[in-house]
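Trainee: Protein chains in written order, with full-length UniProt numbering: chain P, 1 to 192; chain U, 1 to 192.
Note that these hints are calculated values from the structure, not bench results.
Where hints are given, some of them may not hold.
To be verified - Only some residues are given here: those of chain U computed to face chain P with a beta carbon under 10 angstroms:
#, residue
1, MET32
2, ALA75
3, ASP78
4, HIS134
5, ASP145
6, GLN149
7, LEU154
8, PRO190
Using N, Cα and C, we set each Cβ at its ideal position, and we do this for glycine too.
2 protein chains.
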Amino acid sequence: MGRPLRADAERSVRAILEAAERVLADDAGASMEQIAEAAGLTRITVHRRFANRQALLEALAVSAKQQLLDAIGEARPDSAPALVALYRVTANVLRVKNTWRFTLSHATPHTSAAAAVWEEIDTYTVELLARAQHEGLLAPDADLDWTRQVYYALLSEALDRPGANQDPAAQDPDALAALVIDTLLHGAGPRG
Amino acid sequence: MGRPLRADAERSVRAILEAAERVLADDAGASMEQIAEAAGLTRITVHRRFANRQALLEALAVSAKQQLLDAIGEARPDSAPALVALYRVTANVLRVKNTWRFTLSHATPHTSAAAAVWEEIDTYTVELLARAQHEGLLAPDADLDWTRQVYYALLSEALDRPGANQDPAAQDPDALAALVIDTLLHGAGPRG
DNA sequence: CCTATTTGCGTCATCCGTGTATCAGATAGA
DNA sequence: TCTATCTGATACACGGATGACGCAAATAGG
Chain P
1 MGRPLRADAE
11 RSVRAILEAA
21 ERVLADDAGA
31 SMEQIAEAAG
41 LTRITVHRRF
51 ANRQALLEAL
61 AVSAKQQLLD
71 AIGEARPDSA
81 PALVALYRVT
91 ANVLRVKNTW
101 RFTLSHATPH
111 TSAAAAVWEE
121 IDTYTVELLA
131 RAQHEGLLAP
141 DADLDWTRQV
151 YYALLSEALD
161 RPGANQDPAA
171 QDPDALAALV
181 IDTLLHGAGP
191 RG
Chain U
1 MGRPLRADAE
11 RSVRAILEAA
21 ERVLADDAGA
31 SMEQIAEAAG
41 LTRITVHRRF
51 ANRQALLEAL
61 AVSAKQQLLD
71 AIGEARPDSA
81 PALVALYRVT
91 ANVLRVKNTW
101 RFTLSHATPH
111 TSAAAAVWEE
121 IDTYTVELLA
131 RAQHEGLLAP
141 DADLDWTRQV
151 YYALLSEALD
161 RPGANQDPAA
171 QDPDALAALV
181 IDTLLHGAGP
191 RG
């Protein structure tokens with residue numbers, strides 16, 4: 001679109017997005033003023049970068065979802081057995097999801113841009129699950145759409161879990177990933 | 001508190017609560033005006049029954065949670081084996097949760113009254129799960145708090161499931177209950 | 001160092017939702 | 001029927017959030 005932003009302006013955009021995540025996580029109806037303050041900027045500057053509230057929300061959604069995609073890519077899931085891939089992806093996703101709790105849990109894709117990234121993530125997840133099914137990790141007759149839905153839900157719940165630690169951010173993603181996958185594959189019933 | 005409401009006023013209160021559920025489900029930030037209109041009333045009348053927006057939200061929360069408790073009670077869960085009880089409770093809860101989607105999913109208990117009902121439901125659920133554990137339905141070392149969390153999440157997901165039917169309200173609660181419990185107990189993995 | 005860009009400040013207008021008050025008409029219920 | 005109660009209409013005050021304007025100071029980056 002326009003010319004590239006200057007380095008400091010770029011930093012401002014980052015600061016605004018991160019501040020928005022923090023502030024909105026605490027109060028979904030927070031004002032632009034509060035977000036600006038949390039970013040160490042003025043409301044006017046925020047307005048300069050994002051025409052209106054809606055634009056900010058959309059940018060936030062796209063940014064977070066892009067980070068999710070990156071985290072999935074970093075796990076290099078296609079170069080390992082499904083179970084290993086599932087572990088790595090889960091741990092990475094938990095990290096990102098923990099950082100962008102508000103944005104990723106209110107992920108109503110009111111925009112085509114956001115919807116596109118979301119679609120990509122969904123598709124990829126189902127492919128991974130299908131591979132797991134072929135390798136015998138999932139029941140042959142398992143409904144993959146339902147499984148994906150459950151998987152997403154477990155990811156969210158794992159982060160909201162009141163752990164032994166006070167600070168939820170300090171929970172070990174690898175341990176949580178193990179919990180998520182174990183529950184996804186076997187539920188809470190006794191092991192055969 | 002005050003004297004009992006007249007019959008028509010009582011009906012208005014019901015209409016307002018039901019309208020609020022419908023309207024807020026579509027837009028969580030909807031105005032009192034919109035809610036009033038949906039209830040076939042004026043904003044002024046809404047204000048007469050609920051001093052401010054917060055009061056309406058709280059009344060909504062208490063009402064819905066009370067219906068949940070009633071639904072659980074109607075299942076007479078203590079007079080049957082844990083598995084049967086679990087089925088009956090799940091089916092009943094799904095019915096209520098489907099009617100009060102918004103209210104019950106944004107169940108942030110900002111009030112002591114709402115928190116009390118919630119606490120009661122939580123306690124009861126864990127007790128039921130503990131009974132299931134004793135009867136061998138759950139693994140002996142299963143974390144019941146985590147299991148309850150997963151159970152709640154599955155209930156929500158089941159209602160958001162895009163079924164074969166267009167109308168989600170038309171989904172058979174018994175079939176959904178079976179799906180929820182099966183997933184809770186065994187996950188998506190192959191059966192032993 | 002010099003210029004284009006960014007940012008903060010003060011100020012303004014406007015819209016929207018909320019909450020209140022009064023009065024007249026309609027209705028429930030005894 | 002008759003009275004207490006409920007509802008609607010109109011109007012007003014208030015606060016908060018939004019969005020836009022020009023101007024001066026600070027700063028990035030060639």
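Trainee: Each hint: holds or not?
Mentor: Okay, the hints, checked on the actual structure:
| no. | hint | verdict |
| --- | --- | --- |
| 1 | MET32 | violated, 15 angstroms |
| 2 | ALA75 | violated, 20 angstroms |
| 3 | ASP78 | violated, 21 angstroms |
| 4 | HIS134 | violated, 12 angstroms |
| 5 | ASP145 | holds, 8 angstroms |
| 6 | GLN149 | holds, 5 angstroms |
| 7 | LEU154 | holds, 7 angstroms |
| 8 | PRO190 | holds, 5 angstroms |
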